[in-house]
Each structure stands twice: as structure tokens, then as C-alpha cells.
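Turn these sequences into a full structure, and let the hints steer you where they fit.
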Amino acid sequence: MTARLFHVPLSPFCRKVRLSLGEKKIEVELVEERYWEQDSDFLRRNPAGKVPVLRLDGIMMAESAAICEYIEETRPEASLLPSDPVQRLEVRRLVSWFDDKFHDEVTSKLLYERVNKKVTKQGYPDSKNVKAGAKAIKYHLDYMAWLLDHRRWLAGDVMTLADFAAAAHLSSLDYISDVDWNRSDVVKDWYAKIKSRPAFRSILADQLPGFPPPVHYNNLDF
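1 is the number of the first residue of the sequence shown in the numbering used here; add one for each residue after it.
Source of the hints: derived by calculation from the structure; they are not laboratory data.
Since no wrong hints were added, every one of them can be taken at face value.
Listed below are the simulated DSBU-like cross-link pairs for lysine-lysine, each with C-alpha atoms no more than 35 Å apart in a straight line:
(1) LYS101 / LYS25
(2) LYS118 / LYS25
(3) LYS117 / LYS135
(4) LYS188 / LYS118
(5) LYS117 / LYS128
(6) LYS118 / LYS135
(7) LYS50 / LYS128
(8) LYS50 / LYS135
(9) LYS101 / LYS138
(10) LYS117 / LYS131
(11) LYS188 / LYS25
(12) LYS118 / LYS128
(13) LYS50 / LYS118
(14) LYS138 / LYS50
(15) LYS138 / LYS117
(16) LYS50 / LYS121
(17) LYS24 / LYS50
(18) LYS135 / LYS188
(19) LYS138 / LYS193
(20) LYS135 / LYS121
(21) LYS193 / LYS117
(22) LYS121 / LYS138
(23) LYS193 / LYS128
(24) LYS193 / LYS24
(25) LYS101 / LYS131
(26) LYS138 / LYS25
(27) LYS101 / LYS193
(28) LYS117 / LYS24
(29) LYS121 / LYS131
(30) LYS101 / LYS128
(31) LYS50 / LYS188
(32) LYS121 / LYS101
(33) LYS118 / LYS24
(34) LYS24 / LYS188
(35) LYS135 / LYS101
(36) LYS118 / LYS101
(37) LYS188 / LYS117
(38) LYS188 / LYS128
(39) LYS25 / LYS117
Predicted model, so just to flag it, every value in this text is computed and none were measured.
As C-alpha cells, then:
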């Protein structure tokens, strides 16, 4: 049975799961879910009323971190978590950094204000939030640059789930042109490298009605 992912195209949490599935060459059927309507069928899949929800191996699973851990444990090739416990700790720390801190300070202030409010008909963007998000992303890009000045990838010498977590958020923001790629050459090079992977193809093809794709979205050379 083909895996089925109930998702929202620009959700960074859904994109993280899509990247994990793609990297491990797991075929998946994408089903767009209007989670904000709180449909009874969807709530039966996940009572929390959130995406992503993945049906895989006859199991209905929710929460992106738990989903990615399950995928890693059941499909260890190609590995997205190092075997060394200390290195695994660093990967998990950075996944949490992007899914918690970056999400709260940046994604929720930019993407959710500019896109989610429009899609869900919840009003207009709050300019104070947008301004705060635009300021905060500079700090996060600088932190990424510092990491990448010392490492080949965000968590170490090999690409891991930490890179996918970061790329999931940044690719969503890039869709609405909210990433200043000129701020750091090392971050821009990292993104170009990860964006060129086959796992990224379906994400690059995403189209959101009413929102044209950004200028650089399909240009791997920027």
C-alpha cells in the first residue's frame, strides 16, 4: 500500500517529513488537508487537528518529530541520524531549534501572518509580527553561518535531519521571498546544495493559489 501524507504544501513540518520520505525513496501520495476546518474525518486521523499525518505500514501517525524518528528506525538507509550518541544529540538539538525557536520567532511571524491568515481567512497580517520576524531571521541566518563555518553541514560532517528541518522552514519562507540569501554566502551555498537533492523536487514544484513562486525558487544557481 502506497504511503499517504495528509499535509499543507508550505507547512515546514510537513516538508520535513516529505524530505525524509524522499531521501529514503519512499513513494508517498500527497493529500492536501484543510486542517483549519476541523473536518471530522481528519480529527479521527489526528485528534490534535494538526498536519502532518502519515499513513505508512498500516499505521496512522502524527507529529513530525515522531514520524521522522519512525521513518529513520524502520528505514535506516539512507541514514539521517548519526550512529554516535553525541552526534545524534546535536542533530536532535538543532531539529528542536528550528521546529521550536525558529518557528516561534520567524516562521510564525512571517509565513503564518502573510500566508496562513490569507488562506484560512483570518484577516490581515499583523505588521508588528512581520517586523519582528524579519528582524529575528537575521539572527538565525547568522547562527547558521557560524555553524557552517565550523562544519560541512549544520550538525557535523554529514547531512542529517537537522539540515532537512532547517531547509523545510527556509524553503517555506523562500516561497514568499522572505529570506535574504545575500546575507551569508555559506548559508546560500548550503541551501543550494541541499535544494539540488532529488528529495527536494516535489517541494520545488509546490504551487499555492494566489501566491506566485519566488524568483529564485527553481534556480539552483541563484
